[in-house]
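Student: Below, each chain spelled out in residue letters.
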Amino acid sequence: MIVADQLNKHFKIYETKRGFVGSMTSLFSTKHHLVKAVNDISFEVKEGEFVGYIGPNGAGKSTTIKMLSGILHPTSGKIEVSGLSPQKRRKEVAKKIGIVFGQRTQLWWDLPLRDSFDILKEMYKVPDAKYNQFLKLYDDMLQIGKFMNTPVRKLSLGQRMRGDLAAAMIHDPDVLFLDEPTIGLDVNAKTSIRAFLKELNSNEKKTILLTTHDMDDIEQLCSRVIVINHGQLVLDGTLDDLKQTIGLPSVMEVQYRSKPENIEPLHGIEKMSWENGKLILLYDRTILSSPALLQSVTKWGEPIDIQMKEPEIEEVIRKIY
Amino acid sequence: MNLFIKLVSGSIRSQMQYKINFLVSSLSYALIMAVDFILLAAILHRFDNVKGWNLYEVGLLYGISSVAITLYRVFGVEIHNFEKYMIEGEFDSLLIRPVSPLSLLLTKNLDLSRIGGTVQGVLILAISIIGLSLKDFDMFLLLVYLPISIFSGLIICFSLGLLTATIAFWTQRIKDFQVFTLYAPFNAANYPMNIYPGWLKLIFFTVIPVGFMNYTPILFLLNKGGTVWNLALPPAVALVFLFLTLRFWQFGIRHYHSTGS
Chain Z
1 MIVADQLNKH
11 FKIYETKRGF
21 VGSMTSLFST
31 KHHLVKAVND
41 ISFEVKEGEF
51 VGYIGPNGAG
61 KSTTIKMLSG
71 ILHPTSGKIE
81 VSGLSPQKRR
91 KEVAKKIGIV
101 FGQRTQLWWD
111 LPLRDSFDIL
121 KEMYKVPDAK
131 YNQFLKLYDD
141 MLQIGKFMNT
151 PVRKLSLGQR
161 MRGDLAAAMI
171 HDPDVLFLDE
181 PTIGLDVNAK
191 TSIRAFLKEL
201 NSNEKKTILL
211 TTHDMDDIEQ
221 LCSRVIVINH
231 GQLVLDGTLD
241 DLKQTIGLPS
251 VMEVQYRSKP
261 ENIEPLHGIE
271 KMSWENGKLI
281 LLYDRTILSS
291 PALLQSVTKW
301 GEPIDIQMKE
311 PEIEEVIRKI
321 Y
Chain S
1 MNLFIKLVSG
11 SIRSQMQYKI
21 NFLVSSLSYA
31 LIMAVDFILL
41 AAILHRFDNV
51 KGWNLYEVGL
61 LYGISSVAIT
71 LYRVFGVEIH
81 NFEKYMIEGE
91 FDSLLIRPVS
101 PLSLLLTKNL
111 DLSRIGGTVQ
121 GVLILAISII
131 GLSLKDFDMF
141 LLLVYLPISI
151 FSGLIICFSL
161 GLLTATIAFW
171 TQRIKDFQVF
181 TLYAPFNAAN
191 YPMNIYPGWL
201 KLIFFTVIPV
211 GFMNYTPILF
221 LLNKGGTVWN
231 LALPPAVALV
241 FLFLTLRFWQ
251 FGIRHYHSTG
261 S
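The listed protein sequences correspond, in order, to chains Z and S. Here UniProt numbering is used: position 122 in the first sequence is 122, and no number is missing along the way. Here UniProt numbering is used: position 258 in the second sequence is 258, and no number is missing along the way.
Honestly, the hints are just simulated from the structure, not real lab data. Fair warning: this is a prediction, and the values are worked out from it, not measured in the lab. Even for Gly, the Cβ is constructed at its ideal location relative to N, Cα and C. Treat each hint with caution, since some may be false.
Simulated DEER-style distance windows between Cβ atoms [claimed, not checked]:
hint, chain 1, residue 1, chain 2, residue 2, range
1, S, 255, Z, 89, 18 to 24 Å
2, Z, 91, S, 239, 23 to 29 Å
3, Z, 270, S, 255, 44 to 50 Å
4, S, 27, Z, 234, 56 to 62 Å
5, Z, 157, S, 122, 46 to 52 Å
6, S, 239, Z, 76, 35 to 41 Å
7, S, 88, Z, 280, 34 to 40 Å
8, S, 248, Z, 125, 27 to 33 Å
9, Z, 58, S, 248, 27 to 33 Å
10, Z, 125, S, 54, 51 to 57 Å
11, S, 88, Z, 241, 37 to 43 Å
12, S, 255, Z, 234, 27 to 33 Å
Just chain Z, with the same shape it has in the complex (with noise of 0.2 Å):
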């Protein structure tokens, strides 16, 4: 469905200055450095898998992307999405994907919802029947019915993110490229659009490329996932490939009343930190509970507060090197 064969993506990063003068040279300076946003990457995904696209800020997820929803051209390499190449054919393929981006809307601002939907049935010349139909699927799915005649700069940020993703599936499309859906979602908001896109994958068997900043996004809905760091590839596997690889340190956070004198080191402990009065432990949990290390935990000293956290995913790409 999606072939990324030895994609490259080079910038060359130009010094811009202000002015007109700052801007005539820069137009014909030859002065820049090379960033290579994407480094010979190579994958292929199947019909209807869930793939998470993930890796720390600047890695090249988006760059990705945008290559491969045809808004880039590759410096070089070859794309195919669903057997056309984006750069050569881009308004078909535009047929074939939806696409939508975490942090920029693609519905119209300042009309109602509605009317963006209008406007996209009739750029992507959908029937009358199929436009319907859509419309009542996806009230059912995403409840978005309620706020049909809201204009969109009033939606909150979760009633916009159903919109965006409505919208992106108003042609149907086989192919969906999301770019961190639920960045900045409270946990109702990211729990109801992780329940559609699961539904969506299923039972619509549509394939989907997600990146994301959030492990919770993996770990639900993720059948395979891509890591890359400083546009290279690091791992192509299943989720559990990923927890083996890197072995996912949990997280936990313990406040002291008094800072404890000696603290015995555990097998199984990868890390200990102290952090704005916090000790911050990582610890491997396949190798060390987390009621035997709160045991020795209360050991150590008297806690006033215990937190335990999940991973944050630099955390995750960090452990891979």
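With the hints as your guide, set chain S onto chain Z.
Tutor: Below, chain S alone, put in the same frame as chain Z:
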């Protein structure tokens, strides 16, 4: 066509959400245009004529040039403000649609507040034609040719706008360029080309071909020189220029860098 209507009506309804802003900008723009012409009239009144062109004759040039550029400002507002698509990376949203980005830009927004300028240009044209008191035949030819001249002017202006917008694919910012590629040439085209030194004339008949829009045809229509070719050339030049600009635009899109998110 259906899509076009939907997009344009959407744009108008969006603007109507900010009524006061719309009224103030219409009013201020009309005021600037009016002051601009009063200044020109004052100068001409003082000197009687510019290199053999009287007030009404210059009025024709001025009218064509200002109708052309204001129509461009109405329909090409998103081209004119293309900078923001580069700086905010909004161009992405256009490239994910199964429609050409240029048609999306043209239908995304209309700047209705600029229509005042167009109306004013048409008024100046009307006053000038009445003031000229031409022979019947010349008058007829002029009236028939005026829309063609305005059309050529609009195409040339649009092409210059698009050309400048395309530069943004490399420089991101274009506001400074617009002074040189749009504002200054169109201001210059308000006056007869023969007042300019040779090198400037060369520019206005080649890379920034604003001279063809009004000076070339009006020269012939007012029996100041030239041949029938003066009438055929402007639309031809405009279309060739448009073609070249569109090619450059396509080339620019391939170099679009997008922004990080």
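Student: Please go over all the hints and tell whether each is borne out by the structure.
Tutor: We went through each hint and held it up to the structure:
1. 255(S) with 89(Z): 18 to 24 Å: 19 Å Cβ-Cβ, so the 18 to 24 Å window holds.
2. 91(Z) with 239(S): 23 to 29 Å: holds (25 Å)
3. 270(Z) with 255(S): 44 to 50 Å: Once the Cβ atoms are compared, 46 Å apart, the range 44 to 50 Å for residue 255(S) and residue 270(Z) holds.
4. 27(S) with 234(Z): 56 to 62 Å: Since the Cβ atoms of residue 27(S) and residue 234(Z) sit about 59 Å apart, the hinted range of 56 to 62 Å holds.
5. 157(Z) with 122(S): 46 to 52 Å: Taking Cβ atoms as reference, residue 157(Z) and residue 122(S) lie about 47 Å apart, which means the hint holds.
6. 239(S) with 76(Z): 35 to 41 Å: With a Cβ separation near 37 Å, residue 239(S) and residue 76(Z) satisfy 35 to 41 Å, so the hint holds.
7. 88(S) with 280(Z): 34 to 40 Å: This hint holds: roughly 38 Å between Cβ atoms.
8. 248(S) with 125(Z): 27 to 33 Å: holds (30 Å)
9. 58(Z) with 248(S): 27 to 33 Å: holds (32 Å)
10. 125(Z) with 54(S): 51 to 57 Å: holds (56 Å)
11. 88(S) with 241(Z): 37 to 43 Å: This hint holds: roughly 38 Å between Cβ atoms.
12. 255(S) with 234(Z): 27 to 33 Å: holds (29 Å)
In summary, this structure violates none of the numbered hints.
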